[in-house]
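Trainee: Sequence:
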Amino acid sequence: MTSRFHALEITLTRPLTPAELTHAAHAWPLAADRTRRHLVTVCRANTPGRAARRLRRHLDTHLPIDVITTHYPDVHGQLLLNVDLPPSVHATLCADARRAGHAPGHHLQLALHRALAAHAHQEDRRVETAVRQLLDGTTPARILAAVAHALTPPQGPTE
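Sequential numbering from 0 applies to the sequence shown in numbering that gives the first Met the number 0.
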């Protein structure tokens, strides 16, 4: 298998100072967002997982890394997460996974999917409740017109 380049995103536990960013960029080429809490880079490796592990190995001493993710989703629309869990959390995760009959990574994936689905459901309920409250005071046509107006980009003066 030939090595490929993988785009990775690094989320930090805190913003970097300009000096820290410069120091880290000497160890590995990095691009930072304006908050200096999110960095993007590329890494050569056979798989995205190996790229994330290699990046963490090289930068763990230079950066307060929280999570490394693949920058682009795979063919299934999923991102790879590389999280360094504290030993006590890792032990709990492994014990819970063993009881459920899963590998730790799969168990964590299932937990994340459940949490994201619950969040999406709560957000849907919140929006539905807000719309119902709006409908109590006006017509659907007015709400639709207001939404269309809010979503339409502002037009500059015509010449």
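Rather than coming from a laboratory, the hints here were simulated on the basis of the structure. Glycine is no exception: its CB is placed at the ideal position from the N, C-alpha and C atoms. Careful: at least some of the hints might be erroneous.
[To be verified] What follows is a list of derived Cβ distance ranges for each label pair:
id: 1; residue 1: Ala-119; residue 2: Thr-91; range: 37 to 43 Å
id: 2; residue 1: Glu-127; residue 2: Ala-102; range: 34 to 40 Å
id: 3; residue 1: Ala-144; residue 2: Thr-21; range: 47 to 53 Å
id: 4; residue 1: Glu-19; residue 2: Ala-114; range: 27 to 33 Å
id: 5; residue 1: Arg-125; residue 2: Thr-34; range: 50 to 56 Å
id: 6; residue 1: His-37; residue 2: Val-74; range: 23 to 29 Å
id: 7; residue 1: Val-146; residue 2: Ala-119; range: 19 to 25 Å
id: 8; residue 1: Thr-34; residue 2: Arg-98; range: 53 to 59 Å
id: 9; residue 1: Ala-144; residue 2: Pro-86; range: 52 to 58 Å
id: 10; residue 1: Asp-59; residue 2: Pro-17; range: 16 to 22 Å
Trainee: Hint by hint, note whether the structure agrees.
Mentor: A quick look at each hint next to the structure:
no. : hint                          : in the structure
1   : Ala-119 x Thr-91: 37 to 43 Å  : violated (26 Å)
2   : Glu-127 x Ala-102: 34 to 40 Å : holds (37 Å)
3   : Ala-144 x Thr-21: 47 to 53 Å  : holds (51 Å)
4   : Glu-19 x Ala-114: 27 to 33 Å  : holds (31 Å)
5   : Arg-125 x Thr-34: 50 to 56 Å  : violated (27 Å)
6   : His-37 x Val-74: 23 to 29 Å   : holds (24 Å)
7   : Val-146 x Ala-119: 19 to 25 Å : holds (20 Å)
8   : Thr-34 x Arg-98: 53 to 59 Å   : violated (40 Å)
9   : Ala-144 x Pro-86: 52 to 58 Å  : holds (57 Å)
10  : Asp-59 x Pro-17: 16 to 22 Å   : holds (21 Å)
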